[in-house]
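Number of protein chains: 2
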Amino acid sequence: MTDRDKEVTKKLEDVGKQLLSQIDKSQSPSYEIPVRTLNNIFFDKKSGTIKLGDKMSERQFLNIAHSRRFMQTVLVASEIKKVIESQATVSIRDLYYALKHTIEGTQENTFEDQGESDPCIEDIEASLDLLREELHLAASAKGIIAGDVQLKDGKDTIDLTKMGSGGWSVPSNVEPNQIEFKKMNAEFLLFIEKDAVWRRFNEDQFWKKHNCIILTGRGQPGRGERRMAQRLNKEFGLPLYVLCDADPWGMYIYSVIKQGSISLSYSEEKLATPSAKFIGLTTRDVEAFKIPKEVTIKLNQLDAKRLKEMEGYEWFQKKEWKEEFANMKAKAYKLELEALSKKGIRFITETYVPQKIKNEEFLP
Amino acid sequence: MTDRDKEVTKKLEDVGKQLLSQIDKSQSPSYEIPVRTLNNIFFDKKSGTIKLGDKMSERQFLNIAHSRRFMQTVLVASEIKKVIESQATVSIRDLYYALKHTIEGTQENTFEDQGESDPCIEDIEASLDLLREELHLAASAKGIIAGDVQLKDGKDTIDLTKMGSGGWSVPSNVEPNQIEFKKMNAEFLLFIEKDAVWRRFNEDQFWKKHNCIILTGRGQPGRGERRMAQRLNKEFGLPLYVLCDADPWGMYIYSVIKQGSISLSYSEEKLATPSAKFIGLTTRDVEAFKIPKEVTIKLNQLDAKRLKEMEGYEWFQKKEWKEEFANMKAKAYKLELEALSKKGIRFITETYVPQKIKNEEFLP
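For the record, the sequence lines run as chains A and B. Under the working numbering, the first sequence has 91 at position 93, and the numbering climbs by one with no breaks. Under the working numbering, the second sequence has 139 at position 141, and the numbering climbs by one with no breaks.
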């Protein structure tokens, strides 16, 4: 067990001990958890991340409205302790199945579906201020990375300059007790929305020519990719540039990488990278880079609706973003990164991104 | 350019030369392509793969019903030649954007959407008997691999025993001119349907204890993963075992890995692995391994419908499969791989799969 595992186990044990001591005193067992509904979530301007407020709610075992969730949360906490002790990592689906059973002497199942066990995990994460990766729970991981850095993952030393055309698959858990960075030569990190675009950058060895690391989360990134980006930014001061489609969905992906999401508000301090900068694509690039109109795509109703929502978000209340959204509405088109191929296969790696970096043409 | 690139370029040039010679003789330019509709697709018992029949159709430039597709196919072929000559790989989306434009002096676009350029690529693949990877076109790749083998990808030597918790991300193109296998110590290949289950096998270093390679395609595998499996099977005689959920979807994934799919019938000789064996999960495992009923899932209407379709497929007309389908119908449940976690976190890696391999309990 690592020191961190011991700390985490102790936090779980303390919860159990508290419950036992309440029972010893013939009190109704109870515990407190932070409220995770919208009215307790806010954008913290100082840290630049979405955060959980300080409203707490108490769960009582002897309250009929609480007792099922109470029992489930205790079951989950106890199984997590076992998982950590056996030094394994399990998926949240494994955890659900491991705990699912009919309670002896009753017709009652501990859990009917995973929708009942997942919120218990989130309660534990939020109340103990732990990442689920520290609880040895793995989310699905889909990202790929390559670039000028060497890392140690368990006993393996992995050189991200030697990953061929494939790249290294980023795991869910990139906490310091699993992943250690060695030999860091990169000067910045380029977070690319799309797999196919990442492959263009990898094939052109962009990371070699520009001393950087290239990372993709294949759409909305997972926790592993976001935490990896945050660690590289915090521990080595690497600037983080995000490259997305010029549409409300790509821009939202950027905002999640930068300051987090509502659903993970309780973990954003460990996942978000507030200093991230948006390197593109924007609708204004169409004129700036003389991109033929034929490769733009008409905004549809869904896009327009999403765009309106985005305009309302507190973290997009900046002059540059207001201008970009206004332009998108005025032109009524969006644009995919692949559309830059119209200007030549390697336009994106040889002209577009280098020029934006050189001129520091970022959106905040 | 590799020798293969030269051969491929020559095939493309020959098409162009043929068209030119027809024009020189004042004939209507035309070319032949294999028919790719269902009535020209069959399951070839001898090779054990889904194949394209020998029906051909002729496309005439001076036939108004053909001329748009004719023009598009020639555009695609010509762009592919350029891509190969520039020694790049592009996605089929890049290719679409690179070619999309309004034809000079008209209001006509070369392509309205990617749904028009993709079939042209398939026509070229089918008529020239080439994989799209040989045309330097990349499909999206999502698989991960680890195990007792070293490979060379371009200039990088990659040791798949040293991939940590992440694994190596399998690229779309694993053709011999891109990926060369070195130092092969593995004795078999385990193809795992699900990412989360693959991570269990990787964390438990199953590939080390059992001298094998573990591969996942994260659901329905991509071309890269299937071609990788086929090459390992053909070139080193590695048996291929497929581990899927006990439901019609998992079993269909197995059938695609084994003998191919209708939509890629023209490439299945290079993608399918007819000797693949199904290692599980089956509904009969519930009794064989004493799996508690609580972790089974009721078959829903969609499952039942899919199951009925599966029973009709020629390649599932085998005693063992008929029995499995009958059992699934009789019990009216399905089962996920993660359900084995009910028997213990490592039950799947320490008991289930080793026992099935030892006793050769495979479905054909």
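Be careful, since some hints might not be right.
[As the list claims (entries may be wrong)] If we take Cβ atoms under 10 Å as the criterion, some of the chain B residues that face chain A in the derived model are:
| hint | residue |
| --- | --- |
| 1 | MET(-1) |
| 2 | ASP1 |
| 3 | LEU10 |
| 4 | SER84 |
| 5 | ALA86 |
| 6 | GLY141 |
| 7 | ILE143 |
| 8 | LYS160 |
| 9 | PRO169 |
| 10 | SER170 |
| 11 | ASN171 |
| 12 | ASN200 |
| 13 | VAL293 |
| 14 | LEU297 |
| 15 | LEU300 |
| 16 | GLY342 |
[Claimed, not checked] When the alpha-carbon atoms are kept at most 30 Å apart in a straight line, the in silico DSS-like pairs for lysine-lysine are as follows:
| hint | chain 1 | residue 1 | chain 2 | residue 2 |
| --- | --- | --- | --- | --- |
| 17 | B | LYS4 | A | LYS207 |
| 18 | A | LYS150 | B | LYS9 |
| 19 | A | LYS181 | B | LYS206 |
| 20 | B | LYS291 | A | LYS79 |
| 21 | B | LYS79 | A | LYS207 |
| 22 | B | LYS9 | A | LYS160 |
| 23 | B | LYS153 | A | LYS153 |
| 24 | B | LYS4 | B | LYS150 |
| 25 | A | LYS160 | B | LYS340 |
| 26 | B | LYS4 | A | LYS153 |
| 27 | B | LYS15 | A | LYS341 |
| 28 | A | LYS80 | A | LYS23 |
| 29 | B | LYS80 | A | LYS80 |
| 30 | A | LYS79 | B | LYS288 |
| 31 | A | LYS79 | B | LYS275 |
| 32 | B | LYS15 | A | LYS80 |
| 33 | B | LYS9 | A | LYS207 |
| 34 | A | LYS291 | A | LYS356 |
| 35 | A | LYS340 | B | LYS4 |
| 36 | B | LYS341 | B | LYS275 |
| 37 | A | LYS275 | A | LYS232 |
| 38 | A | LYS232 | B | LYS150 |
| 39 | A | LYS80 | B | LYS340 |
| 40 | B | LYS340 | B | LYS206 |
By construction, these hints were calculated from the structure, which means they are not laboratory data. Note that the Cβ used here is the ideal one computed from N, Cα and C, for glycine as well.
Outcome of the hint check:
1. MET(-1): violated, 16 Å
2. ASP1: violated, 19 Å
3. LEU10: Because about 17 Å separates LEU10(B) from the closest Cβ in chain A, which is outside the 10 Å limit, the hint is violated.
4. SER84: At about 6 Å, which falls below the 10 Å cut-off, the nearest Cβ of chain A leaves the hint on SER84(B) intact, so it holds.
5. ALA86: Check passed: Cβ of ALA86(B) comes within 5 Å of chain A, closer than 10 Å.
6. GLY141: holds, 9 Å
7. ILE143: Since chain A brings a Cβ to about 8 Å from ILE143(B), closer than 10 Å, the hint holds.
8. LYS160: holds, 4 Å
9. PRO169: Interface hint status for PRO169(B): holds (4 Å vs cutoff 10 Å).
10. SER170: Status holds, d = 8 Å.
11. ASN171: holds, 7 Å
12. ASN200: It holds, given that the least Cβ distance between ASN200(B) and chain A is near 9 Å, below 10 Å.
13. VAL293: Constraint on VAL293(B) satisfied, holds at 5 Å.
14. LEU297: LEU297(B) check fails; min Cβ-Cβ to chain A is 16 Å, beyond 10 Å.
15. LEU300: violated, 17 Å
16. GLY342: holds, 8 Å
17. LYS4(B) to LYS207(A): holds, 28 Å
18. LYS150(A) to LYS9(B): The hint is violated at about 46 Å.
19. LYS181(A) to LYS206(B): holds, 28 Å
20. LYS291(B) to LYS79(A): holds, 25 Å
21. LYS79(B) to LYS207(A): holds, 27 Å
22. LYS9(B) to LYS160(A): violated, 33 Å
23. LYS153(B) to LYS153(A): holds, 24 Å
24. LYS4(B) to LYS150(B): Satisfied, since the Cα-Cα distance of roughly 21 Å is no more than 30 Å.
25. LYS160(A) to LYS340(B): violated, 39 Å
26. LYS4(B) to LYS153(A): Since the Cα atoms of LYS4(B) and LYS153(A) sit roughly 43 Å apart, the hinted pair is violated (cutoff 30 Å).
27. LYS15(B) to LYS341(A): Within the cut-off at roughly 28 Å; holds.
28. LYS80(A) to LYS23(A): holds, 27 Å
29. LYS80(B) to LYS80(A): violated, 58 Å
30. LYS79(A) to LYS288(B): Distance ~26 Å between LYS79(A) and LYS288(B) Cα, so the pair holds.
31. LYS79(A) to LYS275(B): With Cα atoms ~37 Å apart, LYS79(A) and LYS275(B) exceed 30 Å; violated.
32. LYS15(B) to LYS80(A): Violated. LYS15(B) to LYS80(A) sits at ~70 Å, over the 30 Å cutoff.
33. LYS9(B) to LYS207(A): With Cα atoms ~34 Å apart, LYS9(B) and LYS207(A) exceed 30 Å; violated.
34. LYS291(A) to LYS356(A): Holds - the C-alpha atoms of LYS356(A) and LYS291(A) are around 26 Å apart, at most 30 Å.
35. LYS340(A) to LYS4(B): Roughly 25 Å between the alpha carbons, so the hint for LYS340(A) and LYS4(B) holds.
36. LYS341(B) to LYS275(B): holds, 24 Å
37. LYS275(A) to LYS232(A): holds, 15 Å
38. LYS232(A) to LYS150(B): Status violated; Cα separation ~34 Å.
39. LYS80(A) to LYS340(B): holds, 14 Å
40. LYS340(B) to LYS206(B): The hint holds at about 25 Å.
Checked against the numbered hints listed earlier, the structure breaks hints 1, 2, 3, 14, 15, 18, 22, 25, 26, 29, 31, 32, 33, 38; every other hint is satisfied.
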